[in-house]
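*Asks:* With the sequence shown counted from 1, adding 4 to any position gets you the numbering used here.
Note that these hints are calculated values from the structure, not bench results. Each hint can be trusted.
Result set (DMTMM-like, lysine to aspartate or glutamate): computed pairs, CA atoms no more than 25 Å apart in a straight line: (1) K161 <-> D173; (2) K86 <-> E57; (3) K165 <-> E101; (4) K87 <-> E56; (5) K37 <-> D119; (6) K87 <-> E44; (7) K176 <-> E71; (8) K43 <-> D143; (9) K165 <-> D129; (10) K99 <-> D119; (11) K176 <-> D119; (12) K99 <-> E177; (13) K21 <-> E124; (14) K153 <-> E130; (15) K161 <-> E101.
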Amino acid sequence: MGIFNFSQKKKATPNIKDMIWMSQSAKLTGCFKLLQEQKEFVVVAWFSKTQEEFHQFLNEQHGLGVEIQLAQTAISTQISDKKLILLEHFPLRGKEETFIINLNPSQVIVLSSLDEPLFEIFGSDEIIRMMKSLGMKEDEMIEHPMISKSIVRAQQKLEQKVICENFADSSKEWFQRNGSI
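Model the full assembly from the supplied sequences, consistent with the hints where possible.
*Replies:* Here's what the structure looks like:
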């Protein structure tokens, strides 16, 4: 076998199930309920502030005892063939996709809320107002392939604009340091 293996196919990204709530507090509660129902899962945060917030809510307030890993230190052997629950999307699609492919999870669930910086791209204030006017409650979760595709497009658009990514401890800080759309 030579240095280059051109016949090897690129691994496909597993399907990502997006679960979206109107607010961060509703997302925290939704995450708590989801984790109570799940078996054989690994929880990962992209940012240390997210890791701290969920650790405090899930473990200190509710006593779940869930280990929340940071994406930068996640080990693929601990995640391979298990459900991966990401506590947020990473702003750049390529980085998120590579991370997921390398971990080889059996399923990927990403938890989001419309008050996160990534959703400001969509004009999330208007979306929240519309959802409330349609009678949706704050603690109700939405998911749809169209929404997932819109998230991917927003991540790809950001990727084209960010030339040199700057590290951050939170999603908000990431957008401040790397610019937004």
